[in-house]
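Q: From just these sequences and the hints, can you work out the full model?
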Amino acid sequence: MSAAFPPLEIAGRKVPPSMLGELVAADPEGDLAAQLDQHGYLLLRSALEAGEVAAARAEVLARLAEVGEIAAPVADAIASGTSRRSELYPDLGAFWRSVSEGPALRRVSHGPLLAGLMERLWGGPVAALDFLWLRAMARGKASPLHVDHPYMNRGTDRLATAWIPLGEVGLEEGPLFMLEGSHRLAELRTRFAGLDIDRQPGAKGHVEEHPIDFARAHGCRFLTTRFLPGDCMVFSMFTAHAAFDNGSAGGRVRLSCDCRWQPAGEPMDERFAGPDPRAHGGKGYGCLMAARPLGETLALR
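Position one of the sequence shown corresponds to residue 195 (the numbering used here), numbered consecutively onward.
Keep in mind that the hints were calculated from the coordinates and are not lab data.
Since the model is a prediction, treat every value here as computed from it, not as a measurement.
One should not assume that every hint holds.
[Stated by the list, open to error] Each computed SDA-like pair below joins lysine to any residue, with the alpha-carbon atoms no more than 25 Å apart:
{"id": "1", "residue 1": "K398", "residue 2": "S337"}
{"id": "2", "residue 1": "K398", "residue 2": "G476"}
{"id": "3", "residue 1": "K477", "residue 2": "E464"}
{"id": "4", "residue 1": "K398", "residue 2": "T350"}
{"id": "5", "residue 1": "K208", "residue 2": "R329"}
{"id": "6", "residue 1": "K208", "residue 2": "S337"}
{"id": "7", "residue 1": "K335", "residue 2": "E362"}
{"id": "8", "residue 1": "K398", "residue 2": "M431"}
{"id": "9", "residue 1": "K335", "residue 2": "G364"}
A: Right, here's the structure in full:
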C-alpha cells in the first residue's frame, strides 16, 4: 500500500515509504464504538453533506480573502503571501471567533448529521463543545504529533474529536494522519494522562520527539488517505495524530476544523462551553495558531 503514496514529509523530514499506510474506512452501519476501540479512529466516508461542506469552505475562504490572505480566484484557496488581518482586525481572537462562528461552518460542525453519528457512537443524546478549532494551513505548515487529552480533560472522559476536511485534501496538501495503534500505547497514557496544559504551564502537551523517531521506536506507521468533501474522522483522546507538511506546489491552503462531542448531561470542560468560551489561558479564540495571520506561527504547547 505504501507504493501508492507520493513523497511525504513531517516537520521537514521525509517519511520512509515503509512507514506509511492507508486508513481503514469504517463500516457506517456497524458498531461505531467497537470500531473506535479497535482502531482508535473512525474514517467515515461521505458522512456529511458535500454541498454543506462546500458552503462552509466558501464562507471561510471569503473571510480570508477579505483580509488579503487568499488570491483570486478565491475558490482555488491559493495563499497570496500577504495579509492585512492585523491591520483590519487588531483583536485577532475576535476576528477568528467571527470566522469560526460562521453559520455555514456551524451547520457542518454542529449540525444534525454529525450529531446523529455521535448519538450512535455514544448510545444516546449528545452535546458538542461550543468552541471550534478551525485551521488554515499554508504551504510548509503542519501540526505537531499529539493526543488531545492534555488540552481538554476537565469534563467527561467520554469525549471524541471529529475532524472535518473543508474540501478535498490531497496527499500532497498535508492531510491528517493517525499513528497506528497509538491509542493502546501505555507510554502515551503515562506521559499525558491527567496533564492539563493550563494548570501545568511548563509542560508540553505534544510529543517532543520527532514523529518519525517516535513512530520508529514503537513500530508504528503513519496512516492517512486522500480526503473528499463530506468525509469525517472521529478519534479518541489518546490517539496520537498530526498532519503531514503541506507540500502543495501551487501554495494551496488546507482548511479543516475540529469539534468535540460527548454524551449529553455528563460534565463538560468549562473552558470550551457556553456563548463566549475562554479556552486556553482565558484567551478565547486568540489562543489558536490559526488566529494569527496566515503563515505566522505560535510557540507549541
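Q: Name the hints, by number, that the structure is in violation of.
A: none
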